[in-house]
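**Q** Since the structure of chain A is provided, determine the placement of chain B on it from the hints.
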Amino acid sequence: MEEKVITVTSGKGGVGKTTTTANVGAALALLGRKVVVLDGDIGLRNLDIVMGLENRIVYDVVDYVEGRCRLRQALIRDKRASELYLLPTAQTRDKTAIAPEQMVQVCDELRKEFDYIIIDSPAGIERGFQNAVAPADRVLVVTNPEVSSVRDADRVIGLVESYGKGPVQLIINRLVAARVRRQEMLSTQDIIDVLSTEIIGIVPEDEAILASSNRGTPVVFNGKSPAAIAYRDIARRLIGENVPLAQPQTTSWWQRLLGRTE
Amino acid sequence: MIAIKGYRQGLLIVLSGPPEEPWLTRLRELESKLNANPGFFRGGSVAFDAGAMSLSEDDLRRSMALLAAHEITLWAVLSRDEATRAHVRSLGLADRLEPASTAPASGSSPDNSAPSAVASSPHAAPAEEGHADATDGLLVRRRVRSGQVLRHPGHIVVIGDVNPGAQLIAGGDIIVWGRLQGVAHAGALGDDQAVVCALDMSPTLIRIADAAYVPRPDEIRSRHRAGSAETARIEDQQIRFIAWDKQLRAFE
Numbered sequence: 017m018e019e020k021v022i023t024v025t026s027g028k029g030g031v032g033k034t035t036t037t038a039n040v041g042a043a044l045a046l047l048g049r050k051v052v053v054l055d056g057d058i059g060l061r062n063l064d065i066v067m068g069l070e071n072r073i074v075y076d077v078v079d080y081v082e083g084r085c086r087l088r089q090a091l092i093r094d095k096r097a098s099e100l101y102l103l104p105t106a107q108t109r110d111k112t113a114i115a116p117e118q119m120v121q122v123c124d125e126l127r128k129e130f131d132y133i134i135i136d137s138p139a140g141i142e143r144g145f146q147n148a149v150a151p152a153d154r155v156l157v158v159t160n161p162e163v164s165s166v167r168d169a170d171r172v173i174g175l176v177e178s179y180g181k182g183p184v185q186l187i188i189n190r191l192v193a194a195r196v197r198r199q200e201m202l203s204t205q206d207i208i209d210v211l212s213t214e215i216i217g218i219v220p221e222d223e224a225i226l227a228s229s230n231r232g233t234p235v236v237f238n239g240k241s242p243a244a245i246a247y248r249d250i251a252r253r254l255i256g257e258n259v260p261l262a263q264p265q266t267t268s269w270w271q272r273l274l275g276r277t278e
Numbered sequence: 394m395i396a397i398k399g400y401r402q403g404l405l406i407v408l409s410g411p412p413e414e415p416w417l418t419r420l421r422e423l424e425s426k427l428n429a430n431p432g433f434f435r436g437g438s439v440a441f442d443a444g445a446m447s448l449s450e451d452d453l454r455r456s457m458a459l460l461a462a463h464e465i466t467l468w469a470v471l472s473r474d475e476a477t478r479a480h481v482r483s484l485g486l487a488d489r490l491e492p493a494s495t496a497p498a499s500g501s502s503p504d505n506s507a508p509s510a511v512a513s514s515p516h517a518a519p520a521e522e523g524h525a526d527a528t529d530g531l532l533v534r535r536r537v538r539s540g541q542v543l544r545h546p547g548h549i550v551v552i553g554d555v556n557p558g559a560q561l562i563a564g565g566d567i568i569v570w571g572r573l574q575g576v577a578h579a580g581a582l583g584d585d586q587a588v589v590c591a592l593d594m595s596p597t598l599i600r601i602a603d604a605a606y607v608p609r610p611d612e613i614r615s616r617h618r619a620g621s622a623e624t625a626r627i628e629d630q631q632i633r634f635i636a637w638d639k640q641l642r643a644f645e
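Top to bottom, those sequences are chains A and B.
Under the working numbering, residues 17 to 278 are what the first sequence spells out, in order.
Under the working numbering, residues 394 to 645 are what the second sequence spells out, in order.
Just chain A, same shape as in the assembly:
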């Protein structure tokens, strides 16, 4: 099967799922793919804000599931790319408004029209997470280089495997090579030692992210910032291009090595 439905999840909150969804989705669209990003966080929606499309929401996915609109009416087109859409969620409902089977059905509809459906999972491992993972062909787990985030990623990877979903690929987000060198932050190798999962991207800590989220402009649209480059690389790996893993890893490895010989 073509891997069209990609779920972005993490277990822990605040590690960068929504930013990742917005940027990977936008980057795929900039590569000429037809993409929809779907907010899985019913009741705490954010993806529309990060995408800068908040004020264009009329209908949402819950309206569609409950029969108040057609799917096309709920889709919001992002004009910054040729074929990029947002399917927002409801802000006034909770996770039980949608069942996993309904998410599968929504995604089956979207599969007919889109190359990629990127789902932004809520934090946690309860209903919202299960909704987000149920239709997935591929799962991206976002983790930060710190112990509690890696622990939650480990839990989530175990659950995803038990659902028979996968392959799981890892995004290490907010890495600061200098802090890894000072051993304040887990290294890529430390994380692989625990998770033993394929890494699809390493995104460095980047000041541009905060401003871009607040402005509603994902960094991949105009940035040459380190995070923008890393997100574009992830998108290229998703469509099957062979892009070597970005510099932070090699840098930190080299510098760790140098640090030892000094």
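You may find that some hints are simply not true.
Said to hold, decoys possible - For each label pair, taking beta carbons as the anchor points, the in silico distance ranges come out as: (1) Glu142(A) x Asp529(B): 33 to 39 Å; (2) Arg109(A) x Ala458(B): 48 to 54 Å; (3) Thr108(A) x Glu612(B): 47 to 53 Å; (4) Gly59(A) x Asp488(B): 34 to 40 Å; (5) Ser615(B) x Asp209(A): 14 to 20 Å; (6) Lys128(A) x Ala396(B): 52 to 58 Å; (7) Thr112(A) x Ala458(B): 23 to 29 Å.
What the hints assert, rightly or not - Residues of chain B placed beyond 12 Å of chain A at every Cβ, according to the derived structure: (8) Gly436; (9) Thr466; (10) Ala602; (11) Ala636.
For the record, the hints were derived by calculation from the structure and aren't laboratory data.
Backbone N, C-alpha and C define an ideal beta-carbon position, used for all residues, glycine too.
**A** Using the frame of chain A, we list chain B on its own:
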């Protein structure tokens, strides 16, 4: 007669006896077993094998209540009696051992822990997950992740790492051919001769029968640095670690 068996998805409790024996008698026998070994069962989920006995809905409710009082979930009841199976289904329990579905949607899957642990990846070479209903041991050849629990009345052998946040609970010995960072409880049905062996012994907590040992963080780090294979066992009512040594040999 009560027998506890391990199978791929968790624990199976076989309640057998003369057909005229009332169900309550068997439940009482089970209760004393649960009381004797709380550490083994707590937090788990089990299936009953009631054989040919005919059980009423009330019998089943009582069984669920008894288990719930011990923090155990009853998820399936096997029976050769059709009326009993109907009661089982009407209470929302499974009447067979295959998990209804591994999909996230499934309401009552066996154990929050055991199935996701033992039968974690059905697509990844299930044959490796080992003996379908072996009572002597459970062999798992993969990484055991945070939140996953392997529970078996016999021995547990893991070929792979046991991550922090994972738990192994065995009636017998525990052998980890890899790095043990989670919680290991050997002899959880009362056997104080049981041992825990690991190539890299960096556990969060080790328990053997009723004894427990929590390594200090600095101790874990130095153990990890030393990187020697170790065996934990009870000596003088305390858990002690013995490094594997070619010359000395931990076990004669």
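**Q** Taking the numbered hints from earlier one at a time, note which ones the structure violates and give those numbers from smallest to largest.
**A** 2
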